[in-house]
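2 protein chains.
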Amino acid sequence: MQMAPNPRRVRIFLAEKGIEVEHIDLNLREGENLNEDFLKINPRGVIPTLVLDDGNCLDETVAICRYLEETHPEPNLLGTDALSKAQIEACQRHVEFDGFQPLLDAFRNTVPAFAKRGVPGLPAEYDAIPELAERGQRRYTLFIKNLNALLANQKYIVDENFSIADITALCAIDFAKLLKIELPEDYEHARRWYEDVSSRPSAAV
Amino acid sequence: MQMAPNPRRVRIFLAEKGIEVEHIDLNLREGENLNEDFLKINPRGVIPTLVLDDGNCLDETVAICRYLEETHPEPNLLGTDALSKAQIEACQRHVEFDGFQPLLDAFRNTVPAFAKRGVPGLPAEYDAIPELAERGQRRYTLFIKNLNALLANQKYIVDENFSIADITALCAIDFAKLLKIELPEDYEHARRWYEDVSSRPSAAV
Numbered sequence: 005m006q007m008a009p010n011p012r013r014v015r016i017f018l019a020e021k022g023i024e025v026e027h028i029d030l031n032l033r034e035g036e037n038l039n040e041d042f043l044k045i046n047p048r049g050v051i052p053t054l055v056l057d058d059g060n061c062l063d064e065t066v067a068i069c070r071y072l073e074e075t076h077p078e079p080n081l082l083g084t085d086a087l088s089k090a091q092i093e094a095c096q097r098h099v100e101f102d103g104f105q106p107l108l109d110a111f112r113n114t115v116p117a118f119a120k121r122g123v124p125g126l127p128a129e130y131d132a133i134p135e136l137a138e139r140g141q142r143r144y145t146l147f148i149k150n151l152n153a154l155l156a157n158q159k160y161i162v163d164e165n166f167s168i169a170d171i172t173a174l175c176a177i178d179f180a181k182l183l184k185i186e187l188p189e190d191y192e193h194a195r196r197w198y199e200d201v202s203s204r205p206s207a208a209v
Numbered sequence: 005m006q007m008a009p010n011p012r013r014v015r016i017f018l019a020e021k022g023i024e025v026e027h028i029d030l031n032l033r034e035g036e037n038l039n040e041d042f043l044k045i046n047p048r049g050v051i052p053t054l055v056l057d058d059g060n061c062l063d064e065t066v067a068i069c070r071y072l073e074e075t076h077p078e079p080n081l082l083g084t085d086a087l088s089k090a091q092i093e094a095c096q097r098h099v100e101f102d103g104f105q106p107l108l109d110a111f112r113n114t115v116p117a118f119a120k121r122g123v124p125g126l127p128a129e130y131d132a133i134p135e136l137a138e139r140g141q142r143r144y145t146l147f148i149k150n151l152n153a154l155l156a157n158q159k160y161i162v163d164e165n166f167s168i169a170d171i172t173a174l175c176a177i178d179f180a181k182l183l184k185i186e187l188p189e190d191y192e193h194a195r196r197w198y199e200d201v202s203s204r205p206s207a208a209v
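Read top to bottom, the protein sequences are chains A and B.
Residue 5 is where the first sequence starts when you use the numbering used here, and the numbers rise one by one after that.
Residue 5 is where the second sequence starts when you use the numbering used here, and the numbers rise one by one after that.
Take the hints with a grain of salt, since some may be wrong.
[Claimed, not checked] As a list, the in silico DSS-like pairs of lysine-lysine whose alpha-carbon atoms are at most 25 Å apart:
(1) B:K159 x A:K44
(2) A:K44 x B:K149
(3) B:K120 x A:K89
(4) B:K89 x A:K21
(5) A:K159 x A:K89
(6) A:K89 x B:K44
(7) B:K184 x B:K89
(8) B:K149 x A:K120
(9) A:K149 x B:K159
(10) B:K149 x B:K21
(11) A:K149 x B:K21
(12) B:K159 x A:K159
(13) A:K89 x B:K21
(14) B:K21 x B:K120
(15) B:K120 x B:K181
(16) A:K21 x A:K89
(17) A:K44 x B:K89
Just so you know, these hints were derived from the structure itself, not from any lab.
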């Protein structure tokens with residue numbers, strides 16, 4: 005399994021939809037995303053990036069997922085009507101801003117390979133901020149506690165339907181293992197959910 | 005004009021759509037968003053929050069805008085087909101993550117009223133991080149430089165159509181004035197765009 009969590013969000017989304025695309029892997033620790041060849045494709049230097057057959061290029065995980073959902077509506081992962089689309093988008097952002105992004109802050113601002121790259125992509129000139137790593141870790145720890153409480157009453161993050169919000173949370177929880185943060189043993193609801201979503205074939209990517 | 009930039013994004017979106025809703029203002033500096041009454045409505049303690057007639061409650065600016073777009077499709081602000089929806093979502097996130105959020109980091113981690121509330125909403129127990137404020141200001145300064153370059157070749161942030169990406173950028177640029185950061189005089193393309201979007205009736209909210 006490749007480690008970078010944002011590309012994995014898209015890989016899981018693709019697998020759920022049964023869409024096959026050509027993948028090209030870049031080594032972020034070695035800065036391959038900042039090489040001239042890649043910057044011609046995406047001047048921001050961030051991954052994942054989706055290149056369409058007509059040459060159009062999309063970045064931002066959730067925007068790529070939007071394109072895939074619009075072109076391959078089934079199985080639905082972003083909602084089916086105004087309210088469910090908005091609820092899934094809200095919950096996806098809760099997971100992203102309360103858990104996923106704080107975890108990435110913790111990682112980026114801790115790992116020596118990113119000591120001068122505290123922000124993804126270009127420009128690669130932001131020093132790591134140890135206090136932000138600590139804040140990120142505290143926020144992520146609270147996120148999984150709240151996730152456990154939420155999942156006491158429902159099967160998935162948005163009620164009874166698997167959605168992009170579950171994908172974002174799963175990728176965060178697996179990525180947290182790099183920082184040696186596991187779901188606590190007594191988070192029974194979060195662990196039940198984790199077993200469920202991890203056992204889907206899409207999670208193997 | 006109320007200052008908090010996320011509620012203003014929704015107010016502009018509503019004004020563009022010609023939708024009227026009841027507004028209730030909260031004083032964030034005094035922590036009214038953390039009062040018991042508001043936490044009953046939104047336990048995360050963040051604004052804006054939209055309460056629907058059926059009692060459903062939505063937070064997260066972009067999710068609220070999604071609901072409004074789905075229920076009031078015209079004028080279109082989030083795209084009309086798979087590609088334009090994805091491009092607008094990508095660009096909206098570029099503005100949000102490269103400019104708007106760094107600016108909010110700069111504000112939150114500088115202003116004394118938020119010295120113990122470095123993260124919006126609950127829990128209100130994150131100390132401000134001065135280095136994050138400085139990083140945020142540097143990132144925002146780069147964002148407006150890049151915005152000026154982008155707008156040399158197109159009318160709006162996504163080609164020739166006003167979209168949610170323009171709303172997010174406008175709210176950032178006006179909010180930056182609180183930190184005494186103006187668009188530089190020689191950013192002629194960004195200033196032409198700013199004059200344009202600021203002159204729309206929706207910008208007066």
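Hint by hint, which ones does this structure get wrong, listed from lowest number up?
-> Violated hints: 3, 7, 9, 10, 11, 12, 14; rest satisfied.
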